[in-house]
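Protein chains: 2
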Amino acid sequence: MITSKTRMQGSSVVITLPPSNGEKPTPNTEYIVEYSNDGTIILVPKMDDTFNVEEIGVFYETDE
Amino acid sequence: MITSKTRMQGSSVVITLPPSNGEKPTPNTEYIVEYSNDGTIILVPKMDDTFNVEEIGVFYETDE
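Protein chains in written order, with our numbering: chain A, 7 to 70; chain B, 7 to 70.
Hint data in this document are derived by calculation from the structure and do not stem from the laboratory. Check each hint, because a few of them may be wrong.
Repeated chains share a single entry, so a pair holds when one copy, or any two copies, can fit it.
[Stated by the list, open to error] List of simulated lysine to aspartate or glutamate pairs, EDC-like, C-alpha gap at most 16 Å:
(1) K52 <-> D69
(2) K30 <-> E70
(3) K52 <-> E36
(4) K30 <-> E61
(5) K11 <-> E36
(6) K30 <-> E67
(7) K30 <-> D55
(8) K11 <-> E67
(9) K52 <-> E29
(10) K11 <-> D54
(11) K30 <-> E40
(12) K11 <-> E70
(13) K30 <-> D54
(14) K52 <-> E70
(15) K11 <-> E61
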């Protein structure tokens with residue numbers, strides 16, 4: 007069970023993400039932050055929109 | 007949708023917990039950190055053991 011404490015840094019609250027199995031979390035990763043009513047905080051890695059592509063029609067498939 | 011980015015601070019990875027609805031998360035709160043295989047990080051507030059009490063027999067209830 008890994009634990010970590012929140013702390014003030016300037017005017018914002020930060021938390022250290024401790025290493026698990028000797029591996030540190032990746033820096034510069036964007037997370038979606040979800041606060042649950044029970045106090046749990048969920049950090050979901052933000053993904054780029056898969057369908058946001060340059061070309062129009064790249065997902066088009068011809069009928070066989 | 008609130009997002010936040012991880013960053014290096016010294017040798018550890020930290021993330022700012024952004025305010026939600028104008029309210030900041032509480033500093034000095036201990037969280038249990040859970041890393042999921044899909045990259046999601048769950049922070050569960052650590053609670054004291056409810057049954058870790060001083061007196062022996064405080065939970066004893068007599069039969070009616």
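Now for the hints, and whether the structure bears them out:
1. K52 <-> D69: Neither way: K52 and D69 sit 34 Å apart in one copy and 55 Å across, limit 16 Å.
2. K30 <-> E70: So K30 and E70 fail the 16 Å test inside a copy (48 Å) and across (56 Å) alike.
3. K52 <-> E36: Within one copy, since 6 Å is at most 16 Å while 25 Å is not.
4. K30 <-> E61: Close neither inside one copy (37 Å) nor across copies (42 Å); limit 16 Å.
5. K11 <-> E36: between (20 Å within a copy, 4 Å between copies)
6. K30 <-> E67: neither (41 Å within a copy, 48 Å between copies)
7. K30 <-> D55: Neither: 26 Å inside a copy, 29 Å across copies.
8. K11 <-> E67: For K11 and E67, neither the intra-copy (51 Å) nor the inter-copy (37 Å) Cα distance is at most 16 Å.
9. K52 <-> E29: Neither: 20 Å inside a copy, 23 Å across copies.
10. K11 <-> D54: The answer is between: 14 Å across copies meets 16 Å, while 30 Å in one copy does not.
11. K30 <-> E40: Between copies, since 13 Å is at most 16 Å while 22 Å is not.
12. K11 <-> E70: Classified as neither; 58 Å inside a copy, 45 Å across copies.
13. K30 <-> D54: Classified as neither; 23 Å inside a copy, 27 Å across copies.
14. K52 <-> E70: neither (36 Å within a copy, 57 Å between copies)
15. K11 <-> E61: neither (46 Å within a copy, 29 Å between copies)
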